[in-house]
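Whenever a hint applies, use it, and build me the whole structure from the sequences.
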Amino acid sequence: MASLFACALVSLLVTVGIVLALAGPTIEFFREVSPLDFFSAQEWAPTFSPASFGVLSIVVGTLNVTFWAILIALPMGLCAAIYLSEYASRRTRKVVKPVLEVLEGIPTVAYGFFALTFITPLIRDNWPGFLGDAPGIFSAGAAGLVLGIMIIPTVASISEDAMTAVPSGLREGAYALGATRRVVATRVVVPAALSGIIASFVLGISRAIGETMVVLIAAGNTPNLTFSPVQSIQTMTAFIATTATGDIGVGTITYKTIFAVGALLFVFTLGMNLISSWLVRRFREVYE
Amino acid sequence: MSDGSMEVPVSEPAARPSAGVQPAGAGPRQEATGRAAGAARDTDVVMRTEDVTVTYDGIPALRDITIDIHRNRITAFIGASGCGKSTLLRCFNRMNDLIPTAEVRGSVLYHGEDLYQPGVDPVEVRRHIGMVFQKPNPFPKSIYDNVAFGPKVLHMKVDMDEVVERSLRQAALWDEAKDRLKDNALGLSGGQQQRLCIARALATSPDVLLMDEPCSALDPIATGRIEDLMVALREQYTIVIVTHNMQQATRVSDMTAFITVELDEHDNRTGTIIEYEETGRLFSQPADPRTEEYVTGRIG
Ligand SMILES: Nc1ncnc2c1ncn2[C@@H]1O[C@H](COP(=O)(O)OP(=O)(O)O)[C@@H](O)[C@H]1O
Ligand SMILES: [Mg+2]
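For the record, the sequence lines run as chains A and B. According to this note's numbering, the first sequence is numbered sequentially starting from 1. According to this note's numbering, the second sequence is numbered sequentially starting from 1001.
Since the hints were made in silico from the structure, they are not lab data. Wrong hints could be hidden among the right ones.
Unchecked claim - Quick look at which bits of chain A chain B covers, simulated, 3 or more residues with Cβ under 8 Å:
| no. | stretch |
| --- | --- |
| 1 | 51-59 |
| 2 | 100-111 |
| 3 | 178-189 |
As the list claims (entries may be wrong) - If you only want the chain A side, here are some residues facing chain B, beta carbon under 8 Å, derived:
| no. | residue |
| --- | --- |
| 4 | S89 |
| 5 | R90 |
| 6 | A192 |
Note that the coordinates shown come from a computational prediction; the quantities given were computed from them, not determined experimentally. C-beta: ideal position from N, C-alpha, C; glycine also.
Shown next, in the form of structure tokens:
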């Protein structure tokens, strides 16, 4: 008991510690840069002189990549989960589940190179002209696509757990009323597993927002206020990763900028979690 | 309780042309023939199994079951736990299809048509043959949505409000539920949940109602209400009930089949019907000593 409590306490303290560590330099940052500038300026060039702190460019960069990622990952992850839990034979499930877990463990840098050396050339070579300009070597769309592929196993595996946990009595009740497998899956199992499914979505989106390596390698790392998938962009995480090297001086504006962006990222994920817990409370069907 | 209830279609829907044996209309009820074999091509017989054997993973659980189920009767399956009562019941609406390891051999006739012949859609079977389970299993939705679920997924062109009210009345739940139709069904008591499951099954206007130990999770008062309900529903439906409670069988059923486990030639423990008889006779003058032992041993 006591050791469990200690574990809980440690994780709580770590969270509080992170918030405190972010807060100090962030407050100092906003003493030098007005929040209005931070949120409304068009250009993100914090290390240039004269510097410009329009964070919107990298916020939109993050949203751009995240959008394409979840467009892929949420529907495909959910469909994979429905297939595994409601359609697949026991044998298929026994093989596929561990494969999903292995996929989750592939280092993200591998996905980054997969995007750069395989997906991007594939897209560029087969780009249909009527869609306009083909994407460059670095593009938000290719990074988002690969990020989405990377997140599918996470979404699928957590959703599948939630759906498998739905009591089989509910399925039997529906089948006995003449429901088809599709109806049982969509009208009984998915609603009953909704809180777990939403949790998997939130985790997937959080991973997309927080992911660094793939976007760093495949999206180009150049700030660009655009939602276009064919252009190269920079995300918040990629900015932090490229800027937070050993040689920046503590207390410099660059140093504080990193913390300000980190705090903003933190707010993003916190917001995600609040929205999701609201969604869960609003829509879940409690079955016991 | 049956006020406001609408007539149940007794004629077969066109989707199910039956091979020869037409369902009985509202004709006079015939005396139960008792013995399964005695009622060949009897219009009073709604369902019949012929030499049904069920195996799980290749190991037989039930062997050579031949039994007739009569219209507007309550037929009870009794026997010790694990003898195969549920397995047999699940043959009547092809619920065993959902267990990948289960295999059913022999035929299960519904108005003369084999439900297990190729081309029969189990989904279609289940809309005619409803089922109520041992543990109440309402969906985690509103009371209304629970009852409306069947008609909705079957795309039945009905006045849904009317179907919900009729079904809840038939299940003797209307008075308790009418002011809280939008409430979650899981807020009901266990007995109410089970009556809701009965209402849910009745909403699709089935012909036969299968009930697998519907009272085993309920207290005596709730049990009494469900038993009264079954007797009332018998007027319109054909009911098959599994029970391990022999008093219940004597209270509600017209016919009783006693199932027990025997060792077959390969030393497998398989269930088989020892005696199928009018309930009163089976309990008062059992023909088989094994029935007598079970019946007296448990009641006395
Ligand atoms: N899904 C299953 N898989 C394997 N064996 C089963 C399964 N369901 C039932 N059985 C076996 O079949 C026999 C009959 O079970 P069941 O029909 O549930 O009996 P009852 O309802 O009379 O208690 C038992 O020996 C049981 O272990
Ligand atoms: Mg049973």
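Evaluated hints:
1. Remark: the stretch 51-59 of chain A is not confirmed as covered by chain B, as 0 of its residues place a Cβ nearer than 8 Å to a Cβ of that chain, below the required three.
2. Chain B is given as covering the stretch 100-111 of chain A, and this is violated because 0 residues of the stretch bring a CB closer than 8 Å to a CB of that chain, at least three being needed.
3. A stretch counts as covered by a chain when three or more of its residues have a beta carbon under 8 Å from one of that chain; for the stretch 178-189 of chain A and chain B the count is 6, and the coverage holds.
4. Against a cut-off of 8 Å between C-beta atoms, the interface hint on A/S89 holds, since the closest Cβ of chain B lies about 7 Å away.
5. Of the supplied interface hints, the one on A/R90 holds, with its beta-carbon coming within about 7 Å of a beta-carbon of chain B, less than 8 Å.
6. With a cut of 8 Å, the hint placing A/A192 at the interface with chain B holds, because the nearest CB-to-CB distance is about 6 Å.
Hint compliance for this structure: hints 1 and 2 are not met, and every other hint is.
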